[in-house]
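Undergrad: Residue-level listing of the chains:
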Amino acid sequence: MMTDNPRQPGSLRQAWLVILLALLYGGALAATQTTLGPRIAENQRRETYRVIPTLVAVDGAAKVQPVTLALADGKKQEVFRVVADDGATAGWVLPAHGQGFQDRIDLLIGVTPDVATILGLYILDQKDTPNLGSLITEEPYLGQYRGMPTDPKIVVVTSAPTTTCQIRSVTGATISSTSVAEIVNRTIESLKTPIRRWRAENKP
Amino acid sequence: MSSSEPTAMERFINGILPENPIYRQLLGMCPTLAVTGAMKPAMTMAVSTAFVLIAANLMISLIRRLLKPHLRILIFTLTIATFVTITDRFLAAYLYEMSKALGPYVPLIIVNCIIISRCEICAATQGPFTAFCDGVGMSLGFALALASLATVREILGSGSWFGIMLLPKEWPHWTIMILSPGAFFALGLLLGLANWISRRRQEAAARQANEPY
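Top line first, the protein sequences correspond to chains A and B. Numbering-wise, numbering that gives the first Met the number 0 puts 78 at position 79 of the first sequence, and it's gapless, one number per residue. Numbering-wise, numbering that gives the first Met the number 0 puts 17 at position 18 of the second sequence, and it's gapless, one number per residue.
The hints are simulated quantities; they were obtained by calculation from the structure and are not laboratory data. By construction, the Cβ of each residue, glycine as well, lies at the ideal position given by its N, Cα and C atoms. Watch out, some of these pointers could steer you wrong.
Below, simulated DSSO-like cross-link-like pairs (lysine-lysine); rule was C-alpha separation at most 27 Å, straight line [as the list claims (entries may be wrong)]: (1) K74/A <-> K62/A; (2) K39/B <-> K126/A; (3) K126/A <-> K62/A; (4) K99/B <-> K126/A; (5) K39/B <-> K168/B; (6) K152/A <-> K191/A.
Covered stretches of chain A (chain B as the covering partner; in silico rule of three or more C-beta atoms under 8 Å from a C-beta of chain B) [unchecked claim]: (7) 17-30; (8) 88-94.
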């Protein structure tokens, strides 16, 4: 009897090339990352160290001291203590990251020595929509954070802010704007107590 | 390979002007409009796209006899994505500032229609040498188009070319030319110019053909 559906070859016979190429390309990408990863990390570290003094707005040559803190959940996180000429803490810079609209957002948050006020914000990396979500990297949006108290939490609004804890979102990029505020809130929340504890144990 | 398909030299020549991906095929408009505010990002994008295009064309051509019709687009995408990721990592390692300036446009090479169309039109049906020549020709055509747009936009918008000041200080920088509207103005004008030149050449060829001996 004739059949309308001729027998199809098995899935493996159809897809063997895709599987083989996926393995080959995966190996190539792993080799690329292994080779270039350290250099990319070094580029990011250099940029971080270049930006840190500008975030805390220190006059003169500031010293940057990496400090590893234990978080409440037992994890460790590295933060940067900016030391002024007289040896006092000029401020802290907290590396942070979280999900943006399209990809991960990496940023640095500058705060006062007592973690009570935000001194500045810098977006290290983001891949949100160009000329829309990417506007979170620019001064009109980032400048709003400067001088904000860290308590209560920052809230993103779509109209003109009416309180000191409000940030106006970038028009058409509410998700990107909210993502940054949430990353900042979460990072400060998790690091505020460990930093204050570190200060109490390591005066000045 | 059927005899009606273009030769390697024809593929190479066609990519540069007669089938220029930007001015004749209107493909790859996203990077064309987005990164041509200045020559440096435009040329970085041109070289990055050239690497991906040539490498993907070569790879697809080498495995063309193994391609299943219903899986070919998946394999094209897989191949292009791999080369794009390698390019992106390379830029982040060796041209960090430029990589940051180009932002998502390097990863977006994955969806550049020029590359997938060359895989489909040439690499999936012709040998590696022809596919290589096609990739080089199309890459040169793409680079020429980006360079022409970036030249107009950078000179009028910033008074410079490759960062070197060309116009006098008195030049009132037309900032709009390095912004998004300037990309559309410049592309529209250059497309019009390309069409005008093309029509003139066709008319001249027709006149020559009709001339009595």
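Undergrad: Evaluate each hint against the coordinates.
TA: These are the hints, each one checked on the structure:
no. : hint              : in the structure
1   : K74/A <-> K62/A   : holds, 26 Å
2   : K39/B <-> K126/A  : holds, 20 Å
3   : K126/A <-> K62/A  : violated, 31 Å
4   : K99/B <-> K126/A  : holds, 10 Å
5   : K39/B <-> K168/B  : holds, 21 Å
6   : K152/A <-> K191/A : holds, 13 Å
7   : 17-30             : holds (count 6)
8   : 88-94             : violated (count 0)
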